[in-house]
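Protein chains: 2
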Amino acid sequence: MTRLSLPEAHQLAGDILRHAGFSEAFVQAIATTVVAGERDGCTSHGLWRLLGIVATLRAGKVVADADPEVIDQAPSIVRVDARGGFSQLAFNVGLPLLAEKAKANGIAAMAINRCVHFSALWVEMEALTDLGLVAVACNPTQAYVAPTGGSRPLFGTNPLAFGWPRKGSQPFIFDFATSAVARGEIELHRRSGKALPDGWGVDRVGQPSNDATEVLDHGAMLTFGGHKGSALSAMIELIAGPLIGDLTSLESSVVDEGCKALPYHGELIIALDPQRFLGAAVDEHLERAEQLFTAIQGQGARLPSQRRYSARAKTLQEGVEIADSLYQDLLALRG
Amino acid sequence: MTRLSLPEAHQLAGDILRHAGFSEAFVQAIATTVVAGERDGCTSHGLWRLLGIVATLRAGKVVADADPEVIDQAPSIVRVDARGGFSQLAFNVGLPLLAEKAKANGIAAMAINRCVHFSALWVEMEALTDLGLVAVACNPTQAYVAPTGGSRPLFGTNPLAFGWPRKGSQPFIFDFATSAVARGEIELHRRSGKALPDGWGVDRVGQPSNDATEVLDHGAMLTFGGHKGSALSAMIELIAGPLIGDLTSLESSVVDEGCKALPYHGELIIALDPQRFLGAAVDEHLERAEQLFTAIQGQGARLPSQRRYSARAKTLQEGVEIADSLYQDLLALRG
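Top line first, the protein sequences correspond to chains G and R. Counting in my numbering, the first sequence runs from 1 upward without gaps. Counting in my numbering, the second sequence runs from 1001 upward without gaps.
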């Protein structure tokens, strides 16, 4: 294993992205995101992602210096045209208007269009909870997942994220794939040659499979939670696809032309302002949310973000450890 | 079994509610909802619910003639104070302002406060899709469900519903409990003395149980989908509880004082207007949603509302059939 301090990890990520040809705005936005993933122990969305990011640029599937355009679509809708760049920069430039609209009107939506995406939506949720807002985000990906009762890839892994601000505590945040697991987890199993647990995917004829390559290349992943997870995944296809004038996962796969690049699609973010919902009573009611968190933890259950925050507390002190093979792959990309 | 035409079922429901002492506005709103449940084959939200509705009134846990107040809370927030009445009337009186705000601003929320609730959120989703709006709704219930990793009731069954309007077709709608099953299903198992399938609940010490009475009275239900379902259920507690200044499921249980009345709490509804998101391109993009539905059905999978619509097509012709014992119970309530 190779140990890197967080500033070293950021420097390495930045050097790789700069060498690959990304504009400085993207270098910073992407490096911040992948280092946040590694810092929080989310290896599938950490430094490893740089391999796919650079491959996506080399395949001509992302614009290295896109200048996202913010459009004031309606009193409670911001639209950001990412112009083919990675989503992070589009999110960052649209965030101030989204927050302004949510605080003025109580609820607002931001549609990010024509972006290339590599998830870690909890990073965006933290940016919104830092502003005191409650937030929900979701996006399609590419067609990897069969609907319940079906047999072929149609839905994406379609992450759904939620953030709730807490006074004096780290926010309550979850961010999960509506697939049984994130595609990155299956890719890590393939890299390490491990068999998949049951329930993660089906083979080319729709039968259960424990073979990562079979599931990724010929079969389909499954949703979590049976028909309910499948319904949620369909909802995400609709509200972060046609509703915002952007691609479904299947359409995104067609655009990919078999390159296996990071997916090109849209993203929907909804922000709600507790202050506008509650007025003068806001502190009293947010305190009742704290009682809910206390009750969850009081019976030995975990808050969804707890493991990430524990990893963060550790890596902020000790830095991150990555596999030597990954470190060598990254050094090779630094030029 | 006793067969009733839908008008007969509505008449019977109306007579029972009128005899119980509900104002005519509630008689019509509640009868419409329970008959819609029975019509669509959702027996757990059908005529059977009248028993609990009347019991709740007799227990003094609902206001029979409440006059809901609509409050223009913020440019994109409607609040309706149900004043202790059933939710249906509050929804109906708030709907026009919610739709107006969604169509003006692109997205809007309606918070229903201080209502008594017996679910069937898909009825509300249909009212919104009929207006061309996309909609999401959720609410806490009472503390029946343990968070993943916990052992005691904390979350409600917390339904989540979604509606998507379709031109020339019945809307795409789902409405599911974030518990492994609806509490009503477990109650029906108790009524009929059937063992529960695995995964529905735990006993008083947190171990798996197949005994409906043990799960309902001493143990806890489980969420669907493990920690992801548990996270969703927590989100619903937060956004349809403290965010709207209303009760969590645990707080609602305290208010109940052991009466096992229908739950008293709030509800959050979010409406999004495709026209404001998409402008002139709206038809083109909604057509792409139709392609998604075709692809789902093309691989043999079912749309979530399909079974309800099939039941509806049949009962509109043939009426509904209910168990004789239930029919006798209902006749006894008609006075």
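Keep in mind that a hint or two might mislead.
Examples of chain R residues toward chain G, derived with CB under 8 Å [as the list claims (entries may be wrong)]:
1. Gly1149
2. Arg1302
3. Gln1306
The following residues of chain G were derived to be distant from chain R, with all beta-carbon distances above 12 Å [unchecked claim]:
4. His10
5. Asp67
6. Pro153
7. Glu214
8. Gly229
9. Met235
10. Leu247
11. Asp273
12. Glu287
13. Gly298
14. Gly300
15. Thr315
16. Asp324
Calculated directly from the structure, the hints in this document are not laboratory data. The model shown is predicted, which means the values in this text are computed figures rather than measured ones. Glycine included, each C-beta is placed from N, C-alpha and C at the ideal position.
Hint by hint, where does the structure go against what was stated? Just the numbers, ascending. 3, 6, 8, 9, 10, 11, 12, 13 and 14
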